[in-house]
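Residue numbers (the working numbering), protein chains in the order written: chain A, 1 to 415; chain B, 1 to 153.
No wet-lab data here; the hints were simulated from the structure. Warning: the hint list may mix true and false statements.
[To be verified] In the EDC-like style, the derived pairs of lysine to aspartate or glutamate whose C-alpha atoms are separated by at most 16 Å in a straight line are:
1. B/Lys43 / A/Glu381
2. A/Lys410 / B/Glu141
3. A/Lys410 / B/Glu11
4. B/Lys43 / B/Asp58
Below, each chain spelled out in residue letters.
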Amino acid sequence: MIITRTEADLDIQRIRADFPILGNSTRGGRPLVYLDSAASAQKPRAVIDAESSVYETQYANIHRGLYDLSERATLAYEEGRRTVQRFLKAKHAHEIIFTRNATESINLVAASYGRRFLQPGDEIVITGLEHHSNIVPWQLLREERGVVLKVAPVSDNGEVPLEAITGLFGPRTRLVAVAHMSNVLGTILPVAEIIRAAHAVGAKVLVDGAQAVSHLPVDVEALDVDFYAFSAHKIYGPTGLGVLYGKETLLNAMPPYQGGGDMIQSVRFERSTWAPLPQKFEAGTPAIAQVTALAAAIDYVNALGLDRIAAHENALLSYATERLLAIPGLRIVGTVPGKAAVLSFILEDAHPHDIAQILDHEGVAVRAGHHCAQPLMERFEVPATARASFAVYNTRADVDALAAAVGKVKELFGR
Amino acid sequence: MSDDLRDLYQEVILDHGRHPRNRRVIEDANHHARGENPLCGDKLTVFLKVGPDGVITDVSFDGQGCAISTASASLMTEVMVGKTEKQAEALFEGFHALATGGEPALSEEFEDDMDRLQVLAGVRDYPVRVKCATLAWHTLEAALKDKQKATTE
Chain A
1 MIITRTEADL
11 DIQRIRADFP
21 ILGNSTRGGR
31 PLVYLDSAAS
41 AQKPRAVIDA
51 ESSVYETQYA
61 NIHRGLYDLS
71 ERATLAYEEG
81 RRTVQRFLKA
91 KHAHEIIFTR
101 NATESINLVA
111 ASYGRRFLQP
121 GDEIVITGLE
131 HHSNIVPWQL
141 LREERGVVLK
151 VAPVSDNGEV
161 PLEAITGLFG
171 PRTRLVAVAH
181 MSNVLGTILP
191 VAEIIRAAHA
201 VGAKVLVDGA
211 QAVSHLPVDV
221 EALDVDFYAF
231 SAHKIYGPTG
241 LGVLYGKETL
251 LNAMPPYQGG
261 GDMIQSVRFE
271 RSTWAPLPQK
281 FEAGTPAIAQ
291 VTALAAAIDY
301 VNALGLDRIA
311 AHENALLSYA
321 TERLLAIPGL
331 RIVGTVPGKA
341 AVLSFILEDA
351 HPHDIAQILD
361 HEGVAVRAGH
371 HCAQPLMERF
381 EVPATARASF
391 AVYNTRADVD
401 ALAAAVGKVK
411 ELFGR
Chain B
1 MSDDLRDLYQ
11 EVILDHGRHP
21 RNRRVIEDAN
31 HHARGENPLC
41 GDKLTVFLKV
51 GPDGVITDVS
61 FDGQGCAIST
71 ASASLMTEVM
81 VGKTEKQAEA
91 LFEGFHALAT
101 GGEPALSEEF
111 EDDMDRLQVL
121 AGVRDYPVRV
131 KCATLAWHTL
141 EAALKDKQKA
151 TTE
């Protein structure tokens, strides 16, 4: 069976041993069953050690000190940038901008590209399954610049067909901003086709890769995507660090996002000039140690192989889908074939918050709520969902614990 | 089922959660407000009819929520009928203390009401769920003060 083979291939028990937190138990003394990696993934020892090692051996501020320690810190930081460049298959390292998170990456594009290049009446196309972080920055821009926001509808199974997006294209379409993968439904959007179609009408494309990068290989050059955003913490990396990939020509044409130290060439009270890429977009002291930790996370993922990670997660997803659908009164939200690693569900008898509470008592950590996607909740006419999400360290035993815990919910709330 | 979970989900709560009392719209309400818990997106509306003498003659709520928030709203509508606005305020303070682990400093006239509400005291061990339990109450307070909106934040 495929499931057994991929688990054996990756040796999941050995991988689990890489994640110290998985050895801890929850408040009831039960082993932790962590099924909330779509919110934030746990960290392997290699990432934890990489970050502390920076502080122990090579920490100083970067890009300014003339002493050995600062030079080494700068080299490590820029080596981290090259690791991200290779990971996304970007042409240049200076096309990688470090931010606080994927949210800030998108805000950077909205504020810098949007304010400079979008005119009143210009249209931005998004989809109905976007996370708030790929909705609200465009609404802010709409208030400020009078751009028009168009939303491609989501079908009943959680799909956004290409035609739903291209059907909104018109002479004023300037930007298409879509998730690579839905954080609620697990749907993977056909980004390559979306990008081709958008470019054909002269629009730029931003892809929110926050969910996708830990499940799918990304090649920004092959995709020809204009902007690609993700967060380090969702790919087993540190918090407080995000990435924005942007095409060199676009980033060069854009004004700075924030002003401050590190992003200038010269400052005079009459006029200042900006540093070249990537420093132009990295005002202030960045997340120095976290960049090295992200590089360690990428090395970790690469060593396991994203394809093998995805195969393992998809096998778990199929197994979990089968187990949960066997529970009467349970409905899965998001059923499009080829979806990844995320399983949202509701129960007839119990609200998602009550589900999550009881699961917690069984040691099973899932997310309950609107998942920062309120318009999507309205689309599916649910107040919230419970969501289990899978990562490389999850096992069939985790799925069994999930199914058993949902059984407990039925026991308590079933009539 | 573990005991601490039973403390949170007592039979009374499960019953009010399944069969909430006074979940309806009062068409001729003279006060109402909408409450929202931004954390989970739960929304409810509280309706009030207050007589010229300041006595609450009818209370209801409308909306969907978890068992805790629904049961709390349901119990609230039951204890609030017949109270003056001033008594309602005092009861709000008393319930808030009960849910957050403070000491409710209430006079004896509220003893029966507080006894009934005691089933919700289990939420104090779950900081996130305190907001579920208090949403309806914050909304009622907003309605009494003729604020249109309440939030648990």
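Hints, verified against the model:
1. Our distance criterion of 16 Å between C-alpha atoms is met by lysine 43 of chain B and glutamate 381 of chain A, whose separation comes to about 13 Å.
2. Restraint check for lysine 410 of chain A and glutamate 141 of chain B: not satisfied, since their Cα atoms lie roughly 34 Å apart, outside the 16 Å limit.
3. For the hint pairing lysine 410 of chain A with glutamate 11 of chain B, the CA-to-CA distance comes to about 15 Å; that is within 16 Å, so the pair holds.
4. As the CA atoms of lysine 43 of chain B and aspartate 58 of chain B are separated by approximately 20 Å, the hinted pair breaks the 16 Å bound.
Hint compliance for this structure: hints 2, 4 are not met, and every other hint is.
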